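A.B. asks: Following the hints, position chains B and C against chain A.
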Amino acid sequence: MKIRYGGDYNPEQWPEEVWRRDYELFDAARIDTVTVGVFVWALTNPAEGVYDFTVLDRVVERAAAEGRSICLATGTGAHPPWLARAYPEVTRTDFEGRRHRFGQRHNSCPSSPAFQRLSAELARRVGRRYAGNPAVVAWHVGNEYGGACYCDRCGVAFRTWLRHKYTTLDALNAAWYTTFWSHRFTDWEEIEPPSALTEHWRGPDHTAFQGITLDYLRFMSDAMLANFRAEKAALRESGDLPVTTNFMGMYRPIDYHRWAADLDFVSWDNYPPDDTSQARMALAHDLMRGLKGGQPFWLMEQTPSYTASRDVNPLKRPGLLRLWSWQAVAHGADAVLYFQLRASRGACEKYHGAVIGHGDRADTRVFREVAELGAELARLGDATLGARTPARVALLFDWDSWWALELSDGPSRLVRYLDVVLSYHHALWDAGVDLDVVPVTADLTGYEVVVAPALHMVKGDLATRLEAVARRGGSVLSTFLSGRVDENDLAFPGDVPGPLAPLMGIRVDEWDARAADVVNPVRLGTDGLVVGSRLLFEIVVPDGAEVIGTYEADFYADTPAVTRHAFGAGHGWYVATGLDQTGVSWVVRQVLDRHGLTGPYADLADVETTVRVTPAGDHVRFLLNHRADPVEVTVVTGGTDLLTGAGVDSGQTVKLDRYGVLVLREAAAP
Amino acid sequence: MKIRYGGDYNPEQWPEEVWRRDYELFDAARIDTVTVGVFVWALTNPAEGVYDFTVLDRVVERAAAEGRSICLATGTGAHPPWLARAYPEVTRTDFEGRRHRFGQRHNSCPSSPAFQRLSAELARRVGRRYAGNPAVVAWHVGNEYGGACYCDRCGVAFRTWLRHKYTTLDALNAAWYTTFWSHRFTDWEEIEPPSALTEHWRGPDHTAFQGITLDYLRFMSDAMLANFRAEKAALRESGDLPVTTNFMGMYRPIDYHRWAADLDFVSWDNYPPDDTSQARMALAHDLMRGLKGGQPFWLMEQTPSYTASRDVNPLKRPGLLRLWSWQAVAHGADAVLYFQLRASRGACEKYHGAVIGHGDRADTRVFREVAELGAELARLGDATLGARTPARVALLFDWDSWWALELSDGPSRLVRYLDVVLSYHHALWDAGVDLDVVPVTADLTGYEVVVAPALHMVKGDLATRLEAVARRGGSVLSTFLSGRVDENDLAFPGDVPGPLAPLMGIRVDEWDARAADVVNPVRLGTDGLVVGSRLLFEIVVPDGAEVIGTYEADFYADTPAVTRHAFGAGHGWYVATGLDQTGVSWVVRQVLDRHGLTGPYADLADVETTVRVTPAGDHVRFLLNHRADPVEVTVVTGGTDLLTGAGVDSGQTVKLDRYGVLVLREAAAP
Amino acid sequence: MKIRYGGDYNPEQWPEEVWRRDYELFDAARIDTVTVGVFVWALTNPAEGVYDFTVLDRVVERAAAEGRSICLATGTGAHPPWLARAYPEVTRTDFEGRRHRFGQRHNSCPSSPAFQRLSAELARRVGRRYAGNPAVVAWHVGNEYGGACYCDRCGVAFRTWLRHKYTTLDALNAAWYTTFWSHRFTDWEEIEPPSALTEHWRGPDHTAFQGITLDYLRFMSDAMLANFRAEKAALRESGDLPVTTNFMGMYRPIDYHRWAADLDFVSWDNYPPDDTSQARMALAHDLMRGLKGGQPFWLMEQTPSYTASRDVNPLKRPGLLRLWSWQAVAHGADAVLYFQLRASRGACEKYHGAVIGHGDRADTRVFREVAELGAELARLGDATLGARTPARVALLFDWDSWWALELSDGPSRLVRYLDVVLSYHHALWDAGVDLDVVPVTADLTGYEVVVAPALHMVKGDLATRLEAVARRGGSVLSTFLSGRVDENDLAFPGDVPGPLAPLMGIRVDEWDARAADVVNPVRLGTDGLVVGSRLLFEIVVPDGAEVIGTYEADFYADTPAVTRHAFGAGHGWYVATGLDQTGVSWVVRQVLDRHGLTGPYADLADVETTVRVTPAGDHVRFLLNHRADPVEVTVVTGGTDLLTGAGVDSGQTVKLDRYGVLVLREAAAP
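Protein chains in written order, with UniProt numbering: chain A, 1 to 670; chain B, 1 to 670; chain C, 1 to 670.
Looking at chain A on its own, in the form it has when it is part of the complex (with noise of 0.2 Å):
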């Protein structure tokens, strides 16, 4: 047992003649795990009624032959022309209204019958066929599901889902506030799709109705999970197999908490955005990780060298490969794959970098990369294999509040969910603080911190839970534009931040906006560190609160930029504006200070740190050097060196290579 490492592999693009070549190159990279079928819809299912599994079963024979676990794909991420013609639903209806024609992938109604009907009964047949396949160790449904759709029978189905919530024309006409503009419906009938030919006017988040379009959302994401669903049930009649389907980290459209709990385990694709995104991947990877409670997942998909979608696609500088895949470990990743471990020659990935490109080669730099780090995860054996994360930090994620808040007209267009978030993650990953992220329902009473930046939607007991917190002695931290909207995005009646004001000690009953480069200087702690703030700038009137920063500029200088709360044992903390990382930075630490939360190796700059624990108890701490410089690192907690097997005394100076990576078992928990 070891970390399973490979990737997408889709032999059926190329001559048969050419996969003796794969497996010559897969055995040098000692590549272990295959996730084949992902497109093959068209292949094994080429007209109504017909199935034809030749190519794959010769795909899966040859893999299982040559000792490879499989990762095996319903094949249904796109649908074949002959489908779309057949059945004009099945395509979708776009945001504009436009009802679309065969192409591309991500292409099908998720509220088509035949769409439906087809993709579990192809699930259905792919289980029967492979479920006895020792070399299947997964089953892999649809592909990166994502999109919306738009047409009548989505409309449909989304009456059905609205009766099914409301129950009422009369709670939806309360939830939705249709008394504005004239909006009651009398019949269900009237309901449309909200649309660039409805609601919306300048796009998908400008909408004269949040809550129809806030639905429509849940709904969509329900609608596709419906999809996975029938596909799973359909696998699971031909036995138990674990089955997944590739997430996307901090994809907006689809609610993946409402999702994980349908997955058997957790698997994620992931292309970060550039290369100094070493601290969103550590996110998104926390946010995968959190979806089943901790429990291990699978690095999907990660390109060696270079995504092709892009406008500009730079290369993955050398040794980034290694560090981000050991980071994807060092976060809870059991499996390390590659999209994709052979190059397409034509469409639109030609140019989407692979394990082996064009030339066929093993003596490019990228492979050879692939291939050392194949031996080093070979050597590492299952050393970290279902490790768990020992975390007394929270942070909360929320679909909905992300929604409500980028939805919502006023205060600013400018205030993004994910930028909020980021920045307070990344002030407790520089900190080096172990944390989990987490839904607004999870349960809170393990955590000594909770984080909860633009909790624009507060829902449930919530607020309740976060007193409790810190009630017995934690610390819970929120900010500007918290507070503010119940489920249906209705403003909650009386002050703000609504049901967190107890909590928070404060009322907040005017903000100002401003153009992104107004800066307003804030002043904080006893020292007088200043800091800036933009966007946002709520202007807060205490309320039991103590004063930890203030503005000091505008006609609101020296009115309350933070606050705490002593709130029974613990604190309530309270940031009314978008202040800069550094101010961030400062505010995180002072509460995990507080808590002794902050880690050990919080003061080296790039140099990530994280612990995870095996089910044999031991601490495994991952050391990893996102400079392109080498440093020195002096060890807190000596151990293990699992990678050299070397020694590594407590207080010992080691150097961490430019991208270097250390995984060190330590001797005892610090």
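Hints were generated in silico from the structure; no laboratory data involved.
A quick note: this is a predicted structure, and the numbers were derived from the prediction, not measured.
Ideal placement from N, C-alpha and C gives every residue a C-beta, glycine not left out.
It is possible that part of the hints are untrue.
To give an idea of the chain A side of the interface with chain C (calculated C-beta under 10 Å), a few residues [unchecked claim]:
| # | residue |
| --- | --- |
| 1 | 42 |
| 2 | 312 |
| 3 | 348 |
| 4 | 357 |
| 5 | 358 |
| 6 | 359 |
| 7 | 367 |
| 8 | 636 |
C.D. replies: Chains B and C in isolation, oriented as in the chain A frame:
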């Protein structure tokens, strides 16, 4: 009698028990007028043929019982869902050719028979039911008419409108110049609405045929006017209460000059784009006042704090609410109203500012400012009601020129009509001149100075009437891109500036257009002030005119950029290029000084002054400090401070606070 | 016989009494040729089956009577309203899937049977009626063919075109690589035009399948060519007058190389993007001349002053009209024509410049310059007619490479084909080299140097023919992103640059793409000139080639950026990155100098020289000063100044005025 104070009030959105609190706060703020029912169609007419005034009755009864005046809307600003479902024709087809479905507001096709019939019927019933209620002081038809529809029914109506205008296809073909590009129409049915599917190539301003697009703009303005007239006629069946609809200032799609005669009084909604729009707002107020020959208007809407629909919605700084309200009064308003009295909890305006926020408080800064202004207006009483502005300067404003200039291909899309008008208005505003903003059809005999910036289209006998102004000793000032086209957007045969050429004493054979960053210095007058010019550079050949300013650069260096032509006892001034504000102000001051029209407080930057003359003949002078710091003003003509009752002597120095206001009944006309 | 002089003339737009004035002014300007009837379809064919040539007869008769030659259009550049109403099929469906209605121009679906039948019939009747008129010297079919249609009829025609090309679906599936993303077609009917509704995701360049999009571009170019051919065939029924249509230089949508054989002579419309486009225009002229193997062409359109369709339409500076006209002649034009002789009064070109403006004057600057050039051309007489360019350098220009490169996902959307071609052309132009711009199918045996920038697609035996150039001692220069794909846009298996690898003596395993502001310095040659490189950085492994330049930064510092490979008696040069102009020019000079091909006036910046060899064997040298200041030139080879008749000695210094021109019949070849 006093200036009305209040705003939009939508109590149908919240429980009746809240209404009591509403009125408590209205009392505290001296709110005496409420606009109700703007979006109640779905409520009052919940199904075809069903009318239910229960809620509206209670709203009206309560308001009346509480002693408030009511501006009662017909409620047709947005149609209800059932109407769109029963009559799919009722929704609009957009510029892209897409038939919309139910959603948003401003969503009714003006040519829809169902909309026409049922909106008028609703107005009729509202009229019948409430005309007798003494609390109802005015009718409010629709809401912010605007937008456009391009459906086939509008196509039919457009052709009818065209037949009425042109009688023959030959006349239409000549007007539209259809010989160009093989467009000669041989059957009325061949004519389509000009849209992205027909004549347009980049957007609404990029048309292959200006003639059809111009006529469609006129038609669409008329089509909505017909909707307004139909509702007004239905209301009139129940008596002669004054009827209005809320305009939007300088709103391009609707030619308010074509509408003005049909309104009993003008009202408008003032949402300036930013905090430094004082001059722009002044222009908008004057334009609105000019619609009905100087008759006072209502400021129907303004926000007390923030808007919601913009990307960034800054908070109105403390004091601006008061200052800008007084500015409206200074320019002719007899009512000062807010949108909105209480904030919505849901949908796209939940973050739009309100007199009463979600917190329901009277102790907020915004509420305090609203209440203070209420008290102040009460103190003023009727001192300004019905007063008129004694202007001897006219600024021509012309929707046809606006449209024609911005629809044209060439010379430069960077020249925007409003920018030119705003810069000349700004110069007049700086000079403290009382001015009227009038249509090109206005009687000009009362004016000494007529400013006609970017008068692209010259219609009817306008040139003759402008010549008459100069002939009797007045000054006429026009600019580049004036006198170019006739009422059909056909270039005048002969020299530029067409019919204005005799008055201006110049001709223009060619012109240069340059990118926005190209500046040509212009030397002005005998002192040789050098200012910048941009965007368009007409090359002027004087034909009797005196050269006042010359270009300093490019191959046309030393040729005229500004000319003055002695014509009769007066002057024709021509500015051939886009002078910067300094240059425009210099030219405007030359003109005003000749007539002794520069105002008595002209040298105080950003201190605005206007005069209104009451029906009793009193001169009331407004002094408005738009600066964020205090300013000392030496009073030219003393009198009584109407807000304090104190006497002010001529020559006395008074201090205007930051955003301060002085309303002075002058002892005698200056 | 002399160079034709005149332009587009649309007298059907104005009253016949104006025509007299037109000809007075034509006389004054020595205008001898008029292009008439370009948009007269609605006039000559006002209803189905009705043909009325009354007006066109008068236009033609008058022109003939006035002694002018006529380039007579078939008038099918835009269809009339009645046609769109009678046959809705005739309008186009755009990329967004929207069927247009009547409007604009270039508005006919090339696959519409009605358009095909009636446009050919109109051409037939025009041919029959006017072929016998000796004043008619050429036919002008359609107008500026371009754009695209995506309607269902085009879909049908596309499938027919595909069947013809591929015969079997297997072949098509292989060419388009349809196994990727489940696209395997099993029925021809499943294939849809690639559009925003099918394969495209951001716009016309963002396709999921390059193969289908590339074929659609080829198909659409062929479909319009078929329209042209049909009209030409109809004209040919009445005799052998030469037939042309006006091209647009480097116009991406139409592969003029696929069209050239069908034109009897090439003509094109020159509307440079700005005032500093001298090199770009030179390239366009050479490209146009190269379409028919060097045969002289007509400059069919240019503006005497300004365009109208751009956001900003600057005035052509004095002298440029003359200079640019002579530039056309210098590159092979035997006709110099304007759009337009008299300005339209209405529609979207009313502000487009014209020889005769709305003012109807002969005393404008523009008219004076037109008339002076007319006189000058008359003085030149037939001295250059039929002359050819004696080039030993070829620049390859390839629409397929243009399309393939810009359709590709990855490596970088910032690399634009024309930018690369322009920079290499600019270096050649600076060097004063006479060059041919030729298709990749051209016979290369006559050239010593072949420059092939961004030769993304390598088709047929091209690589072999390039090798032959080098083998016999020539130099072949290519760049990054060359040799990547075959004619189906499939990546070559094996090393980059594919079939060019043996000639270049290198391989490329990986490449980096960076944002536009990232510059990697490149050190060139033994002297170590350091220049910048941007956008794309191929990492080169030499395989026989000599390193000429190296990167200076990033992890590939010191690896090759420019290489030269000795191949046979010649060289293969490879430039692996986007060098700045200095770098490109340095490399190009190395190549030219080896062959002694750098021109005699190469060191005078922005002084362009070309040579044309007359049928009698005379060398006519053009010296064009594109600078805004005068320049002194030492004449290398003396002769006769054809514009003045004066003799010029070798070694003599002559002064070229700002924008000055010297046309010198050289005493002997240099």
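A.B. asks: Hint by hint, note whether the structure agrees.
C.D. replies: Results of checking the hints against the structure:
Interface restraint check: residue 42/A against chain C, minimum CB-CB distance 4 Å, threshold 10 Å, status holds. Checking residue 312/A against chain C by beta carbon gives a least distance of about 5 Å; that is within 10 Å, so the hint holds. Using the Cβ-Cβ criterion of 10 Å, the hint placing residue 348/A at the interface with chain C is satisfied: the shortest such distance is roughly 4 Å. For residue 357/A, the suggested interface contact is upheld, since its CB lies about 7 Å from the closest CB of chain C, less than 10 Å.
Taken as an interface hint, residue 358/A checks out: its beta carbon lies about 5 Å from the nearest beta carbon of chain C, inside 10 Å. The closest approach between the C-beta of residue 359/A and any C-beta of chain C is roughly 5 Å, which is under the 10 Å cut-off, so the hint is satisfied. This hint holds: residue 367/A has a C-beta 9 Å from the nearest C-beta of chain C, less than the 10 Å allowed. Hint on residue 636/A is violated. Least Cβ distance to chain C is approximately 32 Å, over the 10 Å limit.
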